[in-house]
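Residue-level listing of the chains:
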Amino acid sequence: MMELGKNKTKKILSSLKSNEILKTNDYNPKTKKHQHRRRKRFRYGFNSFRKKQDQDESYITIALAGNANVGKSVIFNELTGSNQIIGNWPGKTVEIAEGKLYFEGQNIKIIDLPGIYSFYTYSMEESVTREYIAFEKPDLVINVIDASVLERNLFFTIQLLEMKVPMLICINQMDIAQQKGIVIDTNKLEAALKVPVVPTVAIRGEGLHELMDKAVDILDDAYNYQINPIEYGAEVERRIKSLTRYIESKESEIEYPSRWVAIKLLENDPEIRKMVESESREVIGRAYQLAGEIEKIHEEPSFAVIASERYAMANRISQGAQFQKKLKTSFAEKLDRMVTHRVYGYIISALVIGGLLLWTFVVGDFLSGILSDAFSFFQPIDPQVSGSIVSILWNGAFGGLVAGVTLIIPFVIPFYFMLSLIENSGILTRVAFMMDSAMHRIGLHGKALIPLILGYGCNVPAIESTRILENRRERLLAAFAITFAPCSARTIVIMGLVALYVNIWWALALYAIDILVMLIAGRIAYKVIPGETSGLIMEMHSFKIPSLAVAFKQTWKRTKSLIYLVFPVYIIASALIQALYAFGFLTPIANFLAPITVFWLGLPVFAGVVLIFGAVRKEYTILMLVALFGTNLAAVLTPVQFIILALVSMLFIPCLSTITIMLRDFGWKATGTIAIANIITAMLVGGIVFRIINPFF
Amino acid sequence: MITLVNLGNGRNAIIRRIEGGPGLKNRLEVMNIREGKKVKKTCSGPLRGPVVIEIDGSKIAIGRGMANKVWVEEI
Ligand SMILES: Nc1nc2c(ncn2[C@@H]2O[C@H](COP(=O)(O)OP(=O)(O)O)[C@@H](O)[C@H]2O)c(=O)[nH]1
Ligand SMILES: [Mg+2]
Chain A
1 MMELGKNKTK KILSSLKSNE ILKTNDYNPK TKKHQHRRRK RFRYGFNSFR
51 KKQDQDESYI TIALAGNANV GKSVIFNELT GSNQIIGNWP GKTVEIAEGK
101 LYFEGQNIKI IDLPGIYSFY TYSMEESVTR EYIAFEKPDL VINVIDASVL
151 ERNLFFTIQL LEMKVPMLIC INQMDIAQQK GIVIDTNKLE AALKVPVVPT
201 VAIRGEGLHE LMDKAVDILD DAYNYQINPI EYGAEVERRI KSLTRYIESK
251 ESEIEYPSRW VAIKLLENDP EIRKMVESES REVIGRAYQL AGEIEKIHEE
301 PSFAVIASER YAMANRISQG AQFQKKLKTS FAEKLDRMVT HRVYGYIISA
351 LVIGGLLLWT FVVGDFLSGI LSDAFSFFQP IDPQVSGSIV SILWNGAFGG
401 LVAGVTLIIP FVIPFYFMLS LIENSGILTR VAFMMDSAMH RIGLHGKALI
451 PLILGYGCNV PAIESTRILE NRRERLLAAF AITFAPCSAR TIVIMGLVAL
501 YVNIWWALAL YAIDILVMLI AGRIAYKVIP GETSGLIMEM HSFKIPSLAV
551 AFKQTWKRTK SLIYLVFPVY IIASALIQAL YAFGFLTPIA NFLAPITVFW
601 LGLPVFAGVV LIFGAVRKEY TILMLVALFG TNLAAVLTPV QFIILALVSM
651 LFIPCLSTIT IMLRDFGWKA TGTIAIANII TAMLVGGIVF RIINPFF
Chain B
1 MITLVNLGNG RNAIIRRIEG GPGLKNRLEV MNIREGKKVK KTCSGPLRGP
51 VVIEIDGSKI AIGRGMANKV WVEEI
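As you go down the protein sequences, you meet chains A and B in turn.
So the first sequence is numbered by my numbering: it starts at 1 and just counts up by one.
So the second sequence is numbered by my numbering: it starts at 1 and just counts up by one.
These are calculated hints, taken from the structure and not from any lab test.
Predicted, not measured: the structure shown is a model, and the values here were computed from it.
Glycine residues also receive a C-beta, built at the ideal position from the N, C-alpha and C atoms.
Among the hints, erroneous ones may be present.
For the chain A half of the interface with chain B, some residues (derived, Cβ under 10 Å), not all of them [what the hints assert, rightly or not]:
| hint | residue |
| --- | --- |
| 1 | GLY320 |
| 2 | GLN324 |
| 3 | ASP336 |
Partial pick of chain A residues on the chain B-facing surface, computed with a CB cut under 10 Å [stated by the list, open to error]:
| hint | residue |
| --- | --- |
| 4 | VAL343 |
| 5 | GLY355 |
| 6 | ALA438 |
Turn these sequences into a full structure, and let the hints steer you where they fit.
The structure is reproduced here in structure tokens:
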């Protein structure tokens, strides 16, 4: 270690002692109170400053990096006042989020990097992070660590040290560690890593002020701040050094630090090898030879040797810095046994999902009643099909707006709010665990249950959330299944047509058919699309009481993405399609579709038009019928036709917003294929059900 | 040696060998499921469901297929 670096560390260590509030695990109520005051100042005082200073251009960049689920986004939100999504399952942040903060005279840009497990590139998130650090060169990286799984988190820390970026360690979730009886000595950790360590409890904002203090301290003194990678065992270390020197002698243009590149080459990292290959083939040759030597000594592939050395380091450091107290079987433990039980587990899972849906319908029905009353007070919202072009367009646009509001506020928001509570309590991972074997039947594993459940609210955020899955094939399979998930809009169609004009049992039957179709179509897609299903690896965090504030933030985040996408699409498309109809463009199409609608599905000719409207927004199916025939729909449709119309409109194509989001995430080809598969499924199921139920009426 | 699937609930064991390619191994290793680690099997899901193990106080669910590739020695 360099002399200057040592001094700096000493300085940091001594300054830490003086303001060490979260020292290891002893919570004493007095310090906690003090902590709260500090936090207030931090949250309100600095945030209001932040806005004023926004124009200033000289920013310091601080990136948050660390494993998935350690609390980076919570810290990011606390610091910047923005709304990154937070959840009790990994993989929510794939894109890089950026926010600003004004702190002690400095303009700071905070970057929230996606959660990663190591620098081994098998996933998108990992290359995003390491490229960001290498190419964007943030002024400081805050490595966020979950105190309750210290050893596992240190693998990444060790690799981050190798990248030689100025860094600071934030050891978060100290409260959870304490619950688990883990006592961490942050001083020992600092001494072992030679990097300052600040303990925090991000969800309560504790320690974040100290964290930023320390960050600014380091940046003020950046020239004296030296990062020193930890050394490997002698045989490996000698070869790393030799290859590092060799790389340096070549003076190549690679952005990454030489030692890091050397290690990656010895590990045979495909991306780095490709990058170096284009610069210098000799380096590759040398790396190959050295890796061979390591393999010979240890009789194991070189990457495995390096990995196990790294694990050994992490183990040594964490053992030296933490201590496990004995714990009694806690209440959470007993609860866990209950919800993963082979009988009660299913009952509880069913209750959780059923309760979530029931809650949505009850609350949604109530709120939407109030809202549509309020809107019809201003203007009738039924589609208008005659009159001047301006009034038709205006009516269409207004109808689109109302449709959006009356769907999102009463149904989608309550649904996502309850879901966030369930998610943050930790019970959702147990439900996913119970459903794993069932999900394998459609080529997915238990974790994919989460996007599917999201789809009950609205398909758009559900498809966005398929990013938590391991690969593109799984994301596609999940997205396909989601396009059949009975979202709130479909529920309105089922209720408005079938429950109202036929009876509630048929409405429920349609619901059941929908889920069955989803499973069968998913199963077929799984058999058709080549590839293998990756198994489930999912951490089951301990139960906790969900925080309302977090749930509110999360609901808003999900709803926001929906509003930005859905409202413009609703408003424009509904105005457009209404104008098309008013000028007689849709009737020829309806006539053209007649062979299918009339002969195959047994519907009246106008059903073609109604269905086209329904492609914009599912609930338009109802609005359009009302516009054409008034509210006495029983006069124009038979019970069988009600059922078939609702069924087909539910299945035949995902709505325009869903198509838009799929285009963005999967491209034309996949989206087109899914849409066509939807249409075929709807026609098949519609025709078959028609023939089955017709004799009964 | 037995696999995690065959290990009894509530039993402790040490991981001795993980079968499979580097991809699978890495997915497990980053969760600290690796050779030499002490694990406790908490439960296994019904209907050939996943297996839950506890490592250093955190619970991890592993699909049955993968759990069958993790060989352990009971202690
Ligand atoms: N108890 C506790 N939970 C936390 C803390 N920090 C974050 N969490 C929770 O950990 C989970 C993951 O947080 P998130 O910020 O999404 O993690 P990320 O993947 O690193 O961005 C969420 O459920 C948070 O509420 C903490 O200090 N204490
Ligand atoms: Mg995040």
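Exercise. Please write out, lowest number first, the hints stated earlier that are contradicted by the structure.
Key: Hints 1, 5 contradicted; others consistent.
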